[in-house]
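Novice: On the provided structure of chain H, position chain S as indicated by the hints.
Note that the protein sequences, when read in sequence, are chains H and S.
So in this note's numbering the end of the first sequence lands on 293, straight run, no missing numbers.
So in this note's numbering the end of the second sequence lands on 1282, straight run, no missing numbers.
None of these hints come from the bench; they were simulated from the model.
All values derive from a computational prediction rather than experimental measurement.
Among the hints, erroneous ones may be present.
Unchecked claim - With a cut-off of at most 27 Å between alpha-carbon atoms, the simulated DSS-like pairs for lysine-lysine come out as follows:
(1) H:151 with H:257
(2) H:257 with S:1228
(3) H:226 with H:151
(4) H:287 with H:95
(5) H:95 with H:226
(6) H:257 with H:56
(7) H:257 with S:1239
(8) H:226 with H:257
(9) H:226 with S:1228
(10) H:61 with H:196
(11) S:1228 with H:151
(12) H:226 with S:1239
(13) H:61 with H:257
(14) H:56 with H:196
(15) S:1239 with S:1228
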Amino acid sequence: MERHNTVWRIALLAPPLSVFAVFVFWPLFSSFFYSVTNWNGFGSDYDFVGLDNFAKIFTDKLFMNAAINTTIWMAAAIVVPTLFGLGLALLLDGKVPGGRAFKTVFYLPICLSAVIVGQIWIWIYQPDWGLLNAVLSNINGEKMRYAWLAKPDTALGSVILAWSWQQTGLSMVIYLAGLTAIPEDLLEVCEIEGAKLWQRIVFVVLPLLTPSTVVVIALSVINSLKGFDILYIMTGGGPFNSSDTLAMHMYNESFRKYLMGYGSAISVVLFLIALTIIGIYFRQLKKVDRIYG
Amino acid sequence: MANPSAARRFNPWRGAIFAMLLALAILFLLPTLGVLLASVKTTREIALGSLWSFPTAFYLGNFVEVLSNPAVHRYLLNTLLVTVPGTLASTALGVLAGYVFAKLPFRGSNMLFLVLVAGMFFPPQVILVPLFRLFNGMGLIDTLWPVFIVHTALGIPICTLLMRNFFATVPTALREAAILEGASEWQVLTRVVLPLSLPALAVLATLQFTWIWNDFLWPLIFTQSDDKRTIMIGIVNLKGQYSVAWGVQGALSLIASLPTLFVFLFFQRYFIKGMTMGAVKG
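Same shape as in the complex, but just chain H:
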């Protein structure tokens, strides 16, 4: 019986594992290999340059700039959609008239591609007839002609807003699922005991939502680390690298300047960041599982 099982295990696992190994796992390790070479992307010529690429990272001003932008981008991409999603979920929990329609509306942007979302928001930020300037003109009383995406101080923030618009629905859905798991009686008891609405939310609901929060934050971190498309579409990392992130910088060095060795070194750093986050995530998940599982 056990031998029978072993045969089936091998037969069933072989296709997925081999595809994964060849096209994901192996490339992952070769990234480390290329990061110590000066490969230019073509041919088979390259030299080993040791840790030169990593040394270069520390003197590369653009890398430091991209690292700072990535930090800002990630922090905002965690906080903003998570808070909005939680707020919407709390508003939608229970029987709000038209609740289903509302949920669909808030979730819809997730189905759109980064290219479309980028396109939509480019129109909103457009200096001449963009919606944002039109609204601000109405409030302000004077004609606004601000080029949000073409100014270094607003470019990154503008893309973050577009990103938050797209991602909010995802955290809302996860929080809604978490809310349904909170027993009605518990909240009723708290109410009878005299807990005010905000007290019930802060002291009862939020702690009970911890598993959802772990999932939401993990997804936000992961998605934001991957967030390359929307920046590529909306600003291309500009103006003056003001919205350049590590992923963007890596792409530019590898596929625009053909410094694939250096690009690999950047991607190794990206990988180490991701690995750290994954590690923290799995540890938190275990902790949460122990408490709530």
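Specialist: Coordinates of chain S only, in the frame set by chain H:
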């Protein structure tokens, strides 16, 4: 209603909450509405007035222009050629792995499962350069093959995760009974377990379809000539061609979004359930 407080767990002011949600929903819809409005206006009308006003006449010329453009046909066809096989292949591979992890665990299988699922989390940029070299060596750059292959491979973690979590809910007794009746493992999987898994499969197919359809990075890296590009790259390419024709751009964006919107609305019920499947313990 038996339990009136169920209707107002956190929202005792129903009217105010509803008004607030309505305002937020309109704010949320505005960006998309702009595209919709632009797509049914003439370029002249947009140039004269505002992109965001209601059209004076319902103009379908933008859609006609987009749909009669042979380049758009090519982009849509290419996208289908990677999306449909990519969805099927990654789902199938996830079913195989998920079944073993759920129903045939072995020593170290949890560890292997974790490693596989961790693959979901790292940024795709990390494997960009080696994959480029690999496919270049295989002579597959500027074909649709690398795009299909990479989506299949990168879909394996999420597909395995969701399918394992779903298969875990299928009673093991069912498998044992079938095995005692003389069924092979393959028959258990295809005749007993899979028919029960249609909702999970629907979720996975929806997710994979949406991701592959909407993807920008991989076709950007692996294809070069215009007739190998997918629709998302195509939109960016066509933007130059229609740089002042906002209406055409709007129509193009809309057409490119229709398949995923349709799939989402069709599978919505499963979709939201599936997104949180295994993520939150209920």
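Novice: Could you tell me which of the numbered hints above are not met by this structure, giving the numbers in increasing order?
Specialist: Numbers 4, 5, 10, 11 and 14, in rising order.
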